[in-house]
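Protein chains in written order, with the working numbering: chain A, 30 to 309; chain B, 115 to 421; chain C, 2 to 532.
In case anyone wonders, no lab produced these hints; they're calculated from the structure. Some hints could be false.
[Unchecked claim] Taking CB as the label site, the calculated pair distances span:
| no. | chain 1 | residue 1 | chain 2 | residue 2 | range |
| --- | --- | --- | --- | --- | --- |
| 1 | A | 68 | C | 356 | 57 to 63 Å |
| 2 | B | 168 | A | 285 | 52 to 58 Å |
| 3 | B | 177 | C | 469 | 50 to 56 Å |
| 4 | B | 202 | C | 413 | 30 to 36 Å |
| 5 | C | 413 | A | 121 | 49 to 55 Å |
From a predicted model like this one, the values you see are computed outputs, not experimental measurements. In this text, a Cβ means the ideal position worked out from N, Cα and C, and glycines have one as well.
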Amino acid sequence: MTLPHVVRSRTLLAGLVLVGTFTAGAALAPVLAPFDPYSVPERLEAASLRPPRAPFHLGTDLLGRDLLSRILYGGRVSLVVGVGAELAAAFVGILVGLVAGYYGGRVDGLLMRLTDVVMAFPALVLGIGIVAVFQAPGLDKVVLVLVLLGWTTIARVVRGEVLALKERDFVVAARALGVRDAALVRRYLLPNLMAPLLVAATIGVAGNIVAEAGLSFLGLGAQPPTISWGAMLAEGQAFLTTSPWVAVFPGVALMLAVLGVNLLGDGLRDVLDPRLRGGR
Amino acid sequence: MLALVARRLVVLLPVLFGISLLVFVLTAVSLGDPVRAAMGQRGEPAVIAQIRRDYGLDEPLWAQYTRWMGRLLHADLGRSYHQQRPVSEIVAERFPATFRLALAATAIALVLGLAAGTLAAVRHGGATDLLLMTGALLGISTPVFWLGLMLILVFAVWLGWFPVSGYGDGSWRHLVLPSLALGALHTGVIARMARASLLEVIRQDYVRAARAKGLSETVVFLKHALRNALLPVITVAGIGLADLLVGAPLTETVFAWPGLGRMLITAVGQRDLPVVMGAVLLFALVYVVGNLLVDLAYGLADPRLRT
Amino acid sequence: MKPTRALVFLALAVLAGLQALVPPADAQKRGGTYRAVLGADPPTLDPAQATDTTSSAVLRQIFDGLVELDEKMQPVASIAEKWHVSPDQRVYTFTLRRGVRFQNGREVKAGDFKYTLERAARGKKPWVVEKLAGAGEVIKGQVREIRGIRVVDDQTLELTLERPFAPFLMLMAYDAAFVVPREEAERLGPEFGSKPVGTGAFRFVSWRHDDQVVLEAFKDHFRGAPHLDRIVYRIINDDNTRFQEYRAGNLEHVDVPSGQFRAAQKDPVLSRELFVYPMLGTYSLRFTLTQPPFKDNKKLRQAVNHAIDKEAIANVILEGSVVPARGVLPPGMPGHNPELVGYPHDRQKARRLLAEAGYPDGKGLPPITLHYNTSALHKRIGELVQAQLRELGIAVQLASLDWAAYIKLVDDGGTQWHRLGWLADYPDPENFLTVLFHTRNVGPPGNSSRFSSPEVDRLFDEADRMPAGPARLAKYREAEKLIVEEAPWVFVYWYTSRLLQKPSVKGLERSAMSSAPEMHMAPMRKVWLDR
């Protein structure tokens, strides 16, 4: 993908800009944040729920903490959870999809049944269950749930692609020539999977960020003092009519970040599409 | 066709078995027990022990599971620990509300999504396209509980057009806001998908050929483009319906909708295993049947795909 | 008299006469449907099985007991029209009214109370009948009948206690002692909880789970038909949604969600509908005294108590609607000690005590986890406490669990520090102190912090047995002082109920007992709508 390619798709550009901004914001949070996002000020009553006005550009929350700083730090959690969970899910999904698609037959059948079971499983039950099993909530449990539920989409995508690729001339020829499975996978299958995989994964990241918000809404996610946009949203919900900034700004941040990731995925699809069709 | 249906139904059994085992193990291993949870803060150990005995909770896990399975084979879902009523009764009471909600949300998603997607495809590249697609993305990016709250605030409290919450007397007015909130995500997905498929189809040869034959543009669209572009949309809608059934809990909580999703959350919280198992099985059944129907619809719409 | 003057007198007389005919402004109106709301689906409507305030709120309208508590929280006649207590305080003889009917038409007899109490012994709140002689064996399942219950005749019931117990009448005013018709309970079995039948002013009509419960007036109630025709309890979990329904005019009253209290105080309309009532409840963060580091370290517990600013919690998180606690017993509870100082916010003192406890500036302190059951309010308080303790060098982790998991963990003593709030079952210090701090109640029966002090136990054992009066209360006060000194808990605040009520609602009785969180503990038979 060269620069001209990137510039050609406005969607991709928009996505990159948004995601880039949020990533930079999250990475540079310690530098950019005007206040400490964790500490509760001395004179709490005066500091609590201040409307957006310098020096608290986005206002303060119930415990008097600067919203802008908290949103910057919250981005770290959302991005790390979103991307991290997707990476792990992709790892599992690729494995399952490859094996199922390549070997076919009984193995494929079994793995697809397993996928069905997981896909039909209600996410919320898993979320509450995992927390109750480990006897403690937390971001690690959220990631676990997201991985356990998220690998199925990737698996399906990979399997579909492998099934199609298997019949292609160059693969058939390679097999006839006696190229070993592992090498075949490595050299011919994986490179062709990258494009659709990337697209599916970016959409997966977006879904993860929203899912984390939902789980935090139910109290299952990040525990204080860890800051997450989802938790901030859940928190701010009570003050929607009296101090709307507490929920609106994190909500906007969440929406923009997810929008950015989705745009990125769209843009990638636009740019990579011709290569998909053409193949090697 | 019949072979496909039969095959899919056979596959259903191991899936249901797998899910039931998974849910059972998860709930069994979870901390917390239904009797103690129901006792409030003052729990007399002797009373707790007695009630656990009454419910059969002092048996080893494998025995409990086998007993549950055995009952299931007689189409008996057992009794709820908490409500002491048959689970089938409880599920039958709650399912219609969730089904109505999911159906309404899917209908909205299909209608609004197709309309938006088609319009965007027709006005491809222009301001309308950009606006509609951004709207679609926003629909995908907004958490459902958030959207629900905003809808209540604007349309129920400030404007007073719709009731704030609840099922009411079952009238459609109570259905509007919750189904809008629940359907927003799928509206966005369908809109994007419809636009993409339509654009792809427009570029394809046979449409060009049809155009060359001199048919008017509208006819071309309606006959060829829409029909073929419908396929992926049907898939999404079908999976979406099953998805919505499972994903309704948050919406149902915000709108106080007396559905199965909310009941599932409560049952998990109460560790009411028979109810959890019954609800999850129902969801799984709907999911698999939904997939089956989608496959059948696929086969109907495009003969080439019938296997 | 001149004719004009006579006319004036006549006119005045007529006017005066007419005045007498005009009914007074607040004459009770009949009829109407009261639209109420519950925050959760009641687990059951069977009085012997209910353990939560939501169920209690509804079933109180459907059932009656021997006695009930009035707005001064004193036991007054209900189904029993009078009673006599023996000089040794152990035998209570109740004379029942005649003509009290169940909602299925049958007349109530003393034997029904025997059935009810024995049924309660096998239910989830057996402590209501525990004080009766021979109840222990029934609760353990060894025997079917309670020795201490004697049906003298259809109108006379004699209850004998194992030992004198001053608040016994209050126990008889409690849910589990509400009379239940044997034939319905046996016919319906466990489903009685879904189709309750009692003697109360309202009879059960329908229940659509997670949607609404409907009650209608029972015209043959022994006190006469209630003013209201129906009560509809909508079930709405989300507190914001409940509030919006009230604002939309669909509810007669609602609890004020956090974040809305100050706004309601300032709102021109809502401020006139806003009421705050004290409740007999205490919110506490309890140390588990069998776990390090709080085990055997009174100074550490006291340090933490002084380090936490309860005023901030009350004023910021609860918007000034609650009173920071200085002890165990809340105001309104007999035996409450207004002179207790408790642990005011004092950082210097906290730092000093922390050092004396062996952890100067928090050095050497093992990690501490504060557990709580999932809720937005508990999370906020936990966060503030976490931040306040960080200032002193004490690092606290927060962990929330759903109720089922949480209570199990607390039961097993698996937490270091846990949050629990306690609401009085009946307005007597025994219900607060003995239940929560006696050694025999360690663990699930109520003493979750596992506090144990032989001296305090002795005071309890004596007080529990004394006849009602100042001497008894003095003993409880003494015990409370010792408990507060030991700091087994962080005493955070005393509960209040914050209520918005439409001006058309009249007769909604408020006592510290009836203003429980769901706002319905008040008898609805006294309520009427001025519309």
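Hint-by-hint comparison with the structure:
1. A:68 <-> C:356: 57 to 63 Å: Hint violated: Cβ distance 23 Å, outside 57 to 63 Å.
2. B:168 <-> A:285: 52 to 58 Å: holds, 55 Å
3. B:177 <-> C:469: 50 to 56 Å: holds, 52 Å
4. B:202 <-> C:413: 30 to 36 Å: With Cβ atoms ~35 Å apart, the hint holds.
5. C:413 <-> A:121: 49 to 55 Å: Because 35 Å falls outside the window, the suggested range is violated.
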